[in-house]
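**Student:** These protein sequences, in sequence, are chains A and B.
Under our numbering, the first residue of the first sequence is numbered 10, with each subsequent residue one higher.
Under our numbering, the first residue of the second sequence is numbered 181, with each subsequent residue one higher.
By construction, these hints were calculated from the structure, which means they are not laboratory data.
Since the model is a prediction, treat every value here as computed from it, not as a measurement.
Any given hint could be a false lead.
[Stated by the list, open to error] Mimicking DSS-like on lysine-lysine, the simulated pairs with C-alpha atoms at most 25 Å apart in a straight line are: (1) B:K197 x A:K77; (2) A:K77 x A:K141; (3) B:K346 x A:K141; (4) B:K357 x B:K346.
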Amino acid sequence: MNYRHPELQDRLAAEYVLGGLRAGARRRFQQLLRDDAGLRRAVTEWEDRLLPLALALPPETPPAHVWKAIAARIAPAASPAPARAASGRGLSWWRTLSAGLATAVVVLAFLTLKPPATPQDVRTVAVLSGEKTPGAMVVNTLPDQRLSVQPMQDLVALADGRALELWAISPGQAPRSLGVVLPGQTTVLSPRLPPLQGDTVAITLEPAGGAPNGVPTGPVVLSGKVI
Amino acid sequence: MPDAQHLQALLLQCADKRESALAEIYRLASPHLFALARRMLRDQAAAEDVLQECFVSIWRQAGQYQAEQSQPMTWMTRIVRNRCIDRLRRPDIVVPDPDDTLTLAMADDSPGPLARLEDSQEGRRLADCMGQLEGPQRVAIAMAFFDDLAHPDIAARLETPLGTIKSWIRRGLQRLKRCLE
């Protein structure tokens with residue numbers, strides 16, 4: 010068979026993408042693909058034609074532990090565990106966090122160009138992780154500038170009956186509360202000042218209703234950086 | 181349906197190792213990709229495994245994604261579909277029979293799975309063109325696509341000679357191609 014014949018290539022590419030080439034035929038075709046740009050193009054064209062068929066299926070949200078496992082696998086090897094403020098040690102955790110970041114942010118301010126605006130409705134601004142809970146929470150901005158805070162796993166056990174309060178910490182400044190979020194569902198918040206690029210965002214455990222004086226009192230259980 | 185340009189921008193960010201970009205891709209695309217893996221594998225745990233592996237692959241291969249060659253959703257669907265096929269065709273895997281409700285519904289001209297396809301920007305033209313095929317052509321293509329059934333298995337399920345199945349699929353694909361041009 011002359012595999013270079015365009016009509017044959019096209020027919021085989023279509024069958025390959027649809028799954029009709031079995032066992033040995035599929036393996037041989039994949040070998041041919043490696044060396045033949047024309048065949049690869051034919052396959053890509055058929056993929057663009059046929060793969061959107063997948064959208065005919067009703068979408069199904071995967072269980073939360075799948076994302077948790079992915080987040081753990083893509084996390085940088087030395088992912089910093091969030092500082093845990095013991096009750097006697099006061100509130101120095103955010104000073105430590107922001108001091109280190111301040112230098113980095115100054116450098117970045119000179120280096121980074123304005124990121125290209127992308128046509129999008131929702132933008133993820135930070136992913137929060139805990140010591141044993143990588144990628145546990147995602148903070149998104151909505152088109153109307155409100156924040157949507159989405160637990161990627163059930164955080165009821167982590168909250169342990171206390172309120173989860175979300176904070177933003179700009180380098181060198183005191184934490185500002187963004188609001189209290191729910192452990193088991195997405196919360197939409199309208200903070201006066203949203204988290205800014207370079208801020209650290211963190212969740213602390215607080216009494217019901219949130220920290221009484223607008224100052225965090227409990228341990229940090231999740232944290233992440235605003236990108 | 182996730183916006184293609186937005187997904188492209190996110191894949192670029194993944195190539196720069198921004199975890200939040202993958203989180204957003206996951207939020208947007210995983211319900212579609214998970215539905216495909218569940219449908220093809222007919223096994224919840226296997227579909228979860230495949231989804232996990234595929235998102236790790238998307239993260240690692242994001243730098244190789246070329247926007248001029250394929251749509252981001254197509255690129256990710258290919259990763260999921262190929263991994264499902266590899267798994268389904270392992271000799272030690274016993275796969276339960278597929279549920280024919282969806283594939284047989286493809287034969288109807290009434291709104292069914294094609295209506296859902298029509299709702300998405302990328303799927304609209306495909307839905308139109310699928311709609312122009314004959315019912316049996318659509319069913320045979322759907323059984324190959326969603327259930328990874330080989331031609332003889334499709335022939336058995338539809339109680340139709342193998343040669344007829346092959347020609348339904350071949351002619352169906354040719355008509356689809358002409359229609360989509």
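**Student:** Determine for every hint whether it applies to the structure shown.
**Tutor:** Verification of the hints:
Taking the CA atoms of B:K197 and A:K77, the gap is near 17 Å; set against the 25 Å cutoff, the hint holds. At most 25 Å may separate the alpha-carbon atoms for a hinted pair to count; A:K77 and A:K141 meet this at roughly 10 Å. Proposed proximity of B:K346 and A:K141 is contradicted: the alpha carbons are some 53 Å apart, above 25 Å. A distance of roughly 17 Å separates the Cα atoms of B:K357 and B:K346; the hinted pair therefore holds under the 25 Å criterion.
When each numbered hint is compared with the structure, a violation occurs for hint 3 only.
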